[in-house]
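Make the full structure from the sequences, and use the hints.
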Amino acid sequence: MNRKNKEVFIKYLFLLFALVSIIVLGLIVFSLFREGMPLFATVPFRDFLFGLEWYPTYDPPSFGIFPLIVGSLIVTAIATLISVPLGVLAAVYISEIAPQRVKGILKSVIELLAGLPSVVLGFFGMVIVAPWLQETFDLPTGLNIINASVILAIMAIPTISSISEDALYAVPREFKEASYALGATKFETIAKVIVPAALSGISTAIMLGMARAIGETMVVLMVAGGAAAIPESLFDSVRPMPASIAAEMGETPYRSAHYQALFATGIVLFVLTLAFNLIADYVSHKFKQTGSATL
Amino acid sequence: MNTNGMAGARLMRWRYLKQTIFFTLVRASALLIVLALGGILFHIFYHGLSAINWEFITRPPTHSMTKGGILPAILGTIYLTVGAVAVGLPLGIASAIYLTEYAKQGRVIRLIKVGINCLAGVPSVVFGLFGLGFFVIFLGFGSSILSGSLTLGFLILPTIIGAAEEALKSVPQTFREASLSLGVSKWQTIYRIVLPNALPGILTGSILGIGRAAGETAPIMFTAAAYFTAKLPGSVFDEVMALPYHIYVLATAGTNIEATRPIQFGTVLVLVAVVLGIDLVAIVIRGYMRRNKRW
Amino acid sequence: MAANDIIQIHHVNFYYGAVRALTDISMQFEKNKVTALIGPSGCGKSTLLRLLNRMNDLIDQTRVEGEILFEGRNIYAPQVDPVEIRRKIGMVFQKPNPFPKTIYNNITYGPKLNGVPAADLPGLVEQSLRQAVLWDEVKDILDKSAMNLSGGQQQRLCIARALAMKPDVLLMDEPTSALDPISTAKIEELVEELKRHYTIIIVTHNMQQAARISDQTAFFYLGNLIEYNKTEKIFTKPDVKQTEDYITGRFG
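So the sequence lines, in the order shown, correspond to chains A, B and C.
Using our numbering, you'd call the opening residue of the first sequence number 1 and step up by one each time.
Using our numbering, you'd call the opening residue of the second sequence number 1 and step up by one each time.
Using our numbering, you'd call the opening residue of the third sequence number 1 and step up by one each time.
Treat the hints as calculated values from the structure; they're not laboratory data.
Predicted model, so just to flag it, every value in this text is computed and none were measured.
Don't take each hint at face value.
As the list claims (entries may be wrong) - Below 30 Å or equal to it, Euclidean Cα-Cα: the simulated BS3-like pairs (lysine-lysine) are: (1) B:Lys18 with A:Lys186; (2) C:Lys186 with C:Lys237; (3) B:Lys169 with A:Lys176; (4) B:Lys169 with A:Lys103; (5) B:Lys18 with A:Lys107.
See below:
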């Protein structure tokens with residue numbers, strides 16, 4: 001029975017390794033709360049979340065992250081508006097229309113786009129796009145909402161496109177054949193049969209793309225302009241949460257109120273992306289596609 | 001009958017017109033994505049190539065980082081990436097072995113998978129905060145290669161688990177059955193048959209995660225990256241320069257931002273070459289393996 | 001219960017989730033005989049075969065009731081190690097499934113892991129390949145990949161691989177269904193030869209094959225054992241109408 005016990009031991013050893021992801025998730029929560037929660041001893045949670053003024057280095061400081069939340073949400077929303085049609089249509093093209101060769105090339109292109117480091121995209125937005133925007137539209141600065149949103153969209157497209165493509169690809173061929181056999185055109189088959197059948201996968205793709213955009217740091221740090229105020233136009237600068245954390249953490253004294261406020265901002269950001277991911281997970285399981293599963 | 005035919009023909013024309021419009025949109029989307037990647041790469045190569053020479057990649061920066069090379073940043077990125085792989089790869093493979101070989105469908109596996117998905121969605125700046133709060137402060141590793149590698153290692157863990165799971169699943173079930181039917185234990189079957197056959201797939205899949213580790217900025221900002229160090233690191237407890245952070249620093253906080261543009265572009269080009277080079281190798285090997293699959 | 005029964009099955013039920021795949025099966029397998037399990041697809045014959053070396057353990061959410069005695073011991077008793085059972089009860093699968101290793105390493109894979117000394121391996125390889133009537137075809141290419149062999153050769157290699165473990169029983173799950181007629185004939189001859197040393201239980205959907213090579217035949221239908229008797233009897237005058245309908249091809 002010795003060998004049998006050894007086998008059981010090995011199994012539980014691997015279970016332990018498999019639990020590492022959850023343990024790390026737990027440690028993330030632990031670290032964020034350990035460093036961030038003390039803030040709420042001095043700053044009320046409501047003032048933190050809904051305060052309109054983020055002046056962390058003034059005397060007395062004010063830690064209202066509402067403008068940062070608005071900044072995050074607005075660049076994410078616009079990036080979504082840009083990236084969803086492009087990403088989903090590109091996925092339709094790859095899975096349903098493109099010739100075999102083009103398909104291979106396009107998939108590689110999207111993979112390479114996904115592989116571009118965010119700091120490179122941020123740099124591109126800052127050095128190439130921003131001056132162009134500033135000149136063309138005669139703006140005070142090219143580092144603004146619209147610039148950040150476009151760059152974020154470029155980052156989100158690979159996520160949206162590749163997961164949507166998996167979902168489209170998984171639609172059983174029988175569905176398509178049935179539609180063609182009834183005299184539907186290719187467009188009608190795509191619009192009325194294939195896309196609806198893949199809708200849960202596409203929704204998941206969109207949620208994950210948005211999660212990626214809202215949590216992205218370097219792009220908004222370098223391109224959004226950094227103004228911690230509620231914007232009035234698309235050409236205004238904003239300071240999304242990740243930008244604020246990344247920009248200020250280096251200069252703040254250890255365990256000062258400002259330091260704690262940045263960790264607390266991290267908690268908000270974490271909860272927000274966690275929500276997006278859990279919704280995506282829920283959607284992909286609840287409305288599991290017929291045929292082979294998505295994801 | 002005649003009018004019916006006329007109306008029918010008109011309807012058909014309309015149906016095909018819709019299809020043509022749709023296809024044009026779809027192709028335009030795909031083209032736009034290709035152009036985005038092309039445009040970004042073009043600018044990087046166009047501006048970056050002139051900065052690159054032997055000195056640039058073999059010398060440390062001089063004159064407050066306005067002249068000289070980027071050797072410490074290249075080495076730092078290599079150290080951090082190797083460290084991240086050393087953390088992420090074994091853990092990722094072990095997790096995937098549990099999920100594909102041992103776990104039975106049920107609550108535990110569902111919980112673990114949700115955990116992995118959530119971990120994959122944690123924003124990179126939150127990973128940075130976690131690394132700061134946990135490794136740098138709580139465990140007292142300080143800002144160091146060790147802290148940075150651990151942070152990046154957990155960042156790429158979900159990617160590696162996904163790649164390893166896919167590779168393990170692609171090993172035919174018949175191999176496992178054949179081995180077990182010979183009175184070979186489960187662990188030996190995994191170790192002698194399943195793993196060796198899955199390893200090429202695991203490694204190519206993981207390379208995409210490795211590329212990501214090399215290109216990330218936010219997670220190392222507070223955990224490992226130094227603004228400037230002339231000396232090369234002596235131990236894992238030393239801070240290092242790193243390519244992504246160096247780009248950020250030069251582009252936003254350098255001593256002479258405009259004058260160092262060529263150095264910035266050069267550094268971007270090196271980083272892109274490293275990351276996309278890694279990805280491209282993976283994509284090519286994967287294509288080769290798919291064509292030459294023996295089972 | 002004759003003394004030369006090597007495996008005895010007592011009132012076995014088997015479930016995939018909530019679906020019952022085998023109902024109250026009781027039967028014995030005689031030592032050094034060839035027993036054929038026949039029946040239409042989905043009748044439970046392969047499921048029963050895979051119960052005999054606990055291969056169904058690999059499938060999630062399955063459940064066994066009843067007893068299967070191998071040499072008088074219940075192989076489903078809690079303290080039994082399935083690895084031990086599979087060493088003594090070898091298996092050949094429907095599709096040839098050699099490992100992507102050399103021919104030599106395919107044969108030595110099992111024995112090596114079960115502690116056969118390295119010095120004995122070359123002899124064991126030759127002996128197993130000879131038993132499987134493959135030696136002459138492969139003796140010069142032992143270090144070549146098994147994947148280069150033809151389907152029929154691969155299947156005989158898989159038989160040799162199973163024999164290298166010196167099992168008492170050899171389970172064969174439709175071993176010729178993926179092969180051409182010539183390879184099939186070779187395997188059938190081989191079975192004839194092997195039964196002198198081994199107990200063989202073979203699942204087949206090919207009734208002529210069952211008639212040609214087996215001593216005993218069991219007919220299954222919808223998870224029930226319908227009739228079990230000498231092969232001659234089953235194929236000439238079966239007791240049950242369903243059996244007759246099946247073997248005469250009048251089956252719905």
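ask   = Taking 30 Å as the top limit, are the C-alpha atoms of Lys186 of chain C and Lys237 of chain C close enough?
value = Within the cut-off at roughly 29 Å; holds.
Pairwise hint evaluation, Lys186 of chain A against Lys18 of chain B, where the allowed Cα distance is 30 Å at most = holds (10 Å)
message = Against the 30 Å threshold, does the CA-CA distance of Lys169 of chain B and Lys176 of chain A hold or violate the hint?
response = holds (28 Å)
query = Keeping to a limit of 30 Å between CA atoms, is the pair of Lys18 of chain B and Lys107 of chain A held or broken?
reply = holds (26 Å)
inquiry  = Between the alpha carbons of Lys169 of chain B and Lys103 of chain A, is the straight-line distance 30 Å or under?
reply    = Holds - the C-alpha atoms of Lys103 of chain A and Lys169 of chain B are around 25 Å apart, at most 30 Å.
Figure legend: structure checked against the earlier numbered hints; every hint is met.
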